[in-house]
Every structure is written in structure tokens, then in C-alpha cells.
Amino acid sequence: DAGVTQSPTHLIKTRGQQVTLRCSPKSGHDTVSWYQQALGQGPQFIFQYYEEEERQRGNFPDRFSGHQFPNYSSELNVNALLLGDSALYLCASSLAFRARDTQYFGPGTRLTVL
Amino acid sequence: EDKVVQSPLSLVVHEGDTVTLNCSYEVTNFRNLLWYKQEKKAPTFLFMLTSSGIEKKSGRLSSILDKKELFSILNITATQTGDSAVYLCAVEGGDPSGTYKYIFGTGTRLKVLA
Numbered sequence: 001d002a003g004v005t006q007s008p009t010h011l012i013k014t015r016g017q018q019v020t021l022r023c024s025p026k027s028g029h030d031t032v033s034w035y036q037q038a039l040g041q042g043p044q045f046i047f048q049y050y051e052e053e054e055r056q057r058g059n060f061p062d063r064f065s066g067h068q069f070p071n072y073s074s075e076l077n078v079n080a081l082l083l084g085d086s087a088l089y090l091c092a093s094s095l096a097f098r099a100r101d102t103q104y105f106g107p108g109t110r111l112t113v114l
Numbered sequence: 001e002d003k004v005v006q007s008p009l010s011l012v013v014h015e016g017d018t019v020t021l022n023c024s025y026e027v028t029n030f031r032n033l034l035w036y037k038q039e040k041k042a043p044t045f046l047f048m049l050t051s052s053g054i055e056k057k058s059g060r061l062s063s064i065l066d067k068k069e070l071f072s073i074l075n076i077t078a079t080q081t082g083d084s085a086v087y088l089c090a091v092e093g094g095d096p097s098g099t100y101k102y103i104f105g106t107g108t109r110l111k112v113l114a
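Chains as they are written, first to last, in our numbering: chain A, 1 to 114; chain D, 1 to 114.
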């Protein structure tokens with residue numbers, strides 16, 4: 001049973017560039033959430049996708065956008081990269097509306113913006 | 001605004017010591033409180049707490065939730081060097097008409113010395 005997978009593992013970009021991160025949820029899960037974790041901080045919620053729609057969003061600018069595909073996988077896009085976007089980006093999957101089920105996290109993508 | 005506060009921010013102990021990590025929260029439409037251990041990248045799930053006063057145990061780790069006072073504690077007894085990690089507290093909450101999201105604390109960094 002495959003867990004949550006993310007690609008790429010590491011990424012280096014320069015300011016102003018755009019980046020796309022990818023996530024495949026755990027088998028059987030239909031909801032994907034994205035988090036940004038800066039060094040020394042807890043994960044910050046970016047947004048959540050269910051049924052190919054953004055359902056909830058945290059306090060992140062419109063430069064952060066996403067997509068969910070019919071197979072439940074998801075992409076996170078960040079435009080006009082800033083130095084402050086350097087962080088570990090975590091994807092988590094879950095089964096919607098299962099009150100007793102937890103989210104399962106992927107290994108993350110480490111983004112460095114120079 | 002929803003918030004989760006963990007204390008202490010960091011802790012250094014010796015092997016065999018007992019530690020108590022704290023998590024207090026103010027989150028709309030509380031559903032669950034979760035503890036994660038993060039060593040390198042992906043947080044790994046430890047406990048999910050939903051009901052007050054019921055202790056969850058797993059080996060040397062235990063946790064309890066107080067929904068009246070809005071806090072939880074995570075205890076680790078007979079600590080080992082392998083317990084060195086960041087311990088994250090997350091509260092699942094949000095809009096009951098939609099999907100829920102996790103609000104994380106900044107974590108407690110525990111270092112166990114041999």
C-alpha cells in the first residue's frame with residue numbers, strides 16, 4: 001500500500017521564477033492538503049483540495065495556487081518566487097469527512113529560492 | 001484567529017529522564033487534537049485525541065486531552081536518544097459544513113543526551 005509520495009525531493013529556483021510541486025495521495029484517500037514549513041516553525045496550512053476543488057485556504061497570497069486531478073493527485077504552483085518562499089512543502093492526504101482518520105504526510109519537497 | 005501554542009520551545013534532557021510537552025489551543029469547531037513526531041522530513045503520527053480525560057498510550061509515550069481547559073500534554077518516560085525530534089501538536093478544526101484543516105503549533109524540539 002503506497003503512502004503519500006511527493007516530487008521532486010529538492011528544488012532550487014531563483015527569485016521571480018515559478019515552481020510546480022506534485023503529490024500523490026495514499027491509496028484510497030481523496031483529500032489533499034498542502035503545508036509550508038519554514039525552518040524552525042510548524043507546518044502552515046496553505047490549502048486543501050477535495051473533488052478537484054479548493055475547499056479551504058490559509059493565509060497565503062494568490063501566488064500560491066493548486067489543482068487536484070481526477071485520480072486525486074495534486075499540484076502546488078507558486079509564481080513570482082520570493083526568498084521567503086524557501087521552505088519544506090508538505091503534502092498530506094486523508095479521507096474526507098472521516099472524523100476518526102488522520103492525515104498522512106508525504107516526505108516533503110525542500111524548495112530553496114536564491 | 002485559530003491558534004495552537006506549544007511549550008517549551010526546546011528541551012534538553014538526559015537519557016532516562018521523563019518529559020512533559022504542553023499544547024494549548026483556541027480553534028473554531030474543534031474536532032481532534034493530534035501529536036506528531038518529526039525527525040527529518042515527514043511528521044509521523046503519534047496520537048489522536050478526541051475525548052477529554054481519556055489517556056492514549058503507546059509504549060513510553062502517553063497523551064491526554066482536557067477540552068474544558070483547552071490543552072493537551074504529551075509525556076515521554078525513560079527517554080532515549082532516539083526520542084530526539086521535534087514534537088508537533090495539531091488541532092483539527094474549521095467549518096463544519098466543509099472539510100476540516102489542521103492548525104499546527106511551532107513544535108517542541110527535544111534533545112536527549114546519552
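Rather than coming from a laboratory, the hints here were simulated on the basis of the structure.
A hint or two may mislead.
Think about it this way: if two alpha-carbon atoms lie no more than 30 Å apart in a straight line, the pair counts; the simulated DSS-like pairs of lysine-lysine are [as the list claims (entries may be wrong)]:
no., chain 1, residue 1, chain 2, residue 2
1, D, 56, A, 26
2, D, 68, D, 57
3, A, 13, A, 26
4, D, 111, D, 57
5, A, 13, D, 41
6, D, 67, D, 56
7, D, 40, D, 68
8, D, 111, D, 56
9, A, 13, D, 40
10, D, 40, D, 111
11, D, 68, D, 41
12, D, 41, A, 26
13, A, 26, D, 40
14, D, 41, D, 111
15, D, 111, D, 37
16, A, 26, D, 37
17, D, 56, D, 40
18, D, 56, D, 68
19, A, 26, D, 3
20, D, 56, D, 41
21, D, 3, D, 111
22, D, 41, D, 57
23, D, 3, D, 37
24, A, 26, D, 57
A short, non-exhaustive set of chain A residues, derived as facing chain D with CB atoms under 8 Å [said to hold, decoys possible]:
no., residue
25, 33
26, 45
27, 77
28, 81
29, 84
30, 102
31, 105
32, 107
Partial chain D-side listing against chain A, Cβ under 8 Å, derived [what the hints assert, rightly or not]:
no., residue
33, 8
34, 12
35, 16
36, 41
37, 48
38, 94
39, 106
Each residue gets a CB set at the ideal place from its N, CA and C atoms; glycine is no exception.
Verification of the supplied hints:
Our distance criterion of 30 Å between C-alpha atoms is met by residue 56 of chain D and residue 26 of chain A, whose separation comes to about 25 Å. In summary, the hint linking residue 68 of chain D to residue 57 of chain D is supported, as the alpha carbons are separated by about 21 Å, within the 30 Å threshold. Under the criterion of a C-alpha separation no larger than 30 Å, the hint pairing residue 13 of chain A with residue 26 of chain A is consistent with the structure, at around 28 Å. As the CA atoms of residue 111 of chain D and residue 57 of chain D are separated by approximately 21 Å, the hinted pair is consistent with the 30 Å bound.
For a cut-off of 30 Å, the pair hint linking residue 13 of chain A to residue 41 of chain D stands: about 20 Å separates their Cα positions. For the hint linking residue 67 of chain D to residue 56 of chain D, the alpha-carbon distance of about 15 Å falls within 30 Å, and the restraint holds. With a CA separation close to 34 Å, the supplied pair residue 40 of chain D and residue 68 of chain D exceeds the 30 Å bound. A threshold of 30 Å between alpha carbons decides the hint, and for residue 111 of chain D with residue 56 of chain D the separation of about 23 Å falls inside it, so the pair holds.
Distance check on the hinted pair: residue 13 of chain A and residue 40 of chain D sit about 22 Å apart at the alpha-carbon level, within 30 Å; holds. This hinted pair checks out: residue 40 of chain D and residue 111 of chain D have alpha carbons roughly 14 Å apart, not beyond 30 Å. In summary, the hint linking residue 68 of chain D to residue 41 of chain D is not supported, as the alpha carbons are separated by about 33 Å, beyond the 30 Å threshold. For the given pair, residue 41 of chain D sits about 17 Å from residue 26 of chain A by alpha-carbon distance, which is consistent with the 30 Å threshold.
Between residue 26 of chain A and residue 40 of chain D the CA atoms are separated by roughly 20 Å; this keeps the pair inside 30 Å, and the hint holds. For a cut-off of 30 Å, the pair hint linking residue 41 of chain D to residue 111 of chain D stands: about 17 Å separates their Cα positions. Proximity of residue 111 of chain D to residue 37 of chain D is assessed by CA-CA distance (about 13 Å); at most 30 Å being required, the pair is judged to hold. With a C-alpha separation of about 19 Å, the suggested pair residue 26 of chain A and residue 37 of chain D falls inside the 30 Å cut-off, and the hint holds.
As the CA atoms of residue 56 of chain D and residue 40 of chain D are separated by approximately 25 Å, the hinted pair is consistent with the 30 Å bound. Annotation: proposed proximity of residue 56 of chain D to residue 68 of chain D holds, straight-line Cα distance about 18 Å (limit 30 Å). A distance of roughly 28 Å separates the Cα atoms of residue 26 of chain A and residue 3 of chain D; the hinted pair therefore holds under the 30 Å criterion. Restraint check for residue 56 of chain D and residue 41 of chain D: the C-alpha separation of about 25 Å stays at or below 30 Å, so the hint holds.
Taking the CA atoms of residue 3 of chain D and residue 111 of chain D, the gap is near 25 Å; set against the 30 Å cutoff, the hint holds. For the hint pairing residue 41 of chain D with residue 57 of chain D, the CA-to-CA distance comes to about 24 Å; that is within 30 Å, so the pair holds. The straight-line distance between the Cα atoms of residue 3 of chain D and residue 37 of chain D is roughly 19 Å, inside the 30 Å bound, and the hint therefore holds. Restraint check for residue 26 of chain A and residue 57 of chain D: satisfied, since their Cα atoms lie roughly 26 Å apart, inside the 30 Å limit.
The interface hint given for residue 33 of chain A is met, as the beta carbon of that residue sits about 7 Å from the closest beta carbon of chain D, less than 8 Å. For residue 45 of chain A, the interface hint holds, the least distance from its beta-carbon to any beta-carbon of chain D being 5 Å, beneath 8 Å. For residue 77 of chain A, the interface hint is violated, the least distance from its beta-carbon to any beta-carbon of chain D being 20 Å, above 8 Å. At its closest, the beta carbon of residue 81 of chain A sits 21 Å from a beta carbon of chain D; the interface hint therefore is violated under the 8 Å criterion.
Contact between residue 84 of chain A and chain D, as hinted, is not supported at the beta carbon level, the nearest pair being about 17 Å apart and thus beyond 8 Å. Interface restraint check: residue 102 of chain A against chain D, minimum CB-CB distance 5 Å, threshold 8 Å, status holds. Look at residue 105 of chain A: its Cβ gets to within about 4 Å of chain D, closer than 8 Å, so that hint holds up. Among the interface hints, the one on residue 107 of chain A holds; its C-beta lies about 5 Å from the nearest C-beta in chain D, closer than the 8 Å criterion.
The restraint placing residue 8 of chain D at the interface with chain A is violated, with a minimum CB-CB distance near 14 Å, outside the 8 Å limit. Taken as an interface hint, residue 12 of chain D does not check out: its beta carbon lies about 16 Å from the nearest beta carbon of chain A, beyond 8 Å. This hint is violated: residue 16 of chain D has a C-beta 28 Å from the nearest C-beta of chain A, more than the 8 Å allowed. Interface hint status for residue 41 of chain D: upheld, as the beta-carbon distance to the closest one in chain A is roughly 4 Å, under 8 Å.
Of the supplied interface hints, the one on residue 48 of chain D holds, with its beta-carbon coming within about 6 Å of a beta-carbon of chain A, less than 8 Å. A cut of 8 Å between beta carbons decides the hint on residue 94 of chain D: the least distance to chain A is about 6 Å, and the hint holds. A cut of 8 Å between beta carbons decides the hint on residue 106 of chain D: the least distance to chain A is about 5 Å, and the hint holds.
Comparing the model with each numbered hint stated earlier shows that hints 7, 11, 27, 28, 29, 33, 34 and 35 do not hold.
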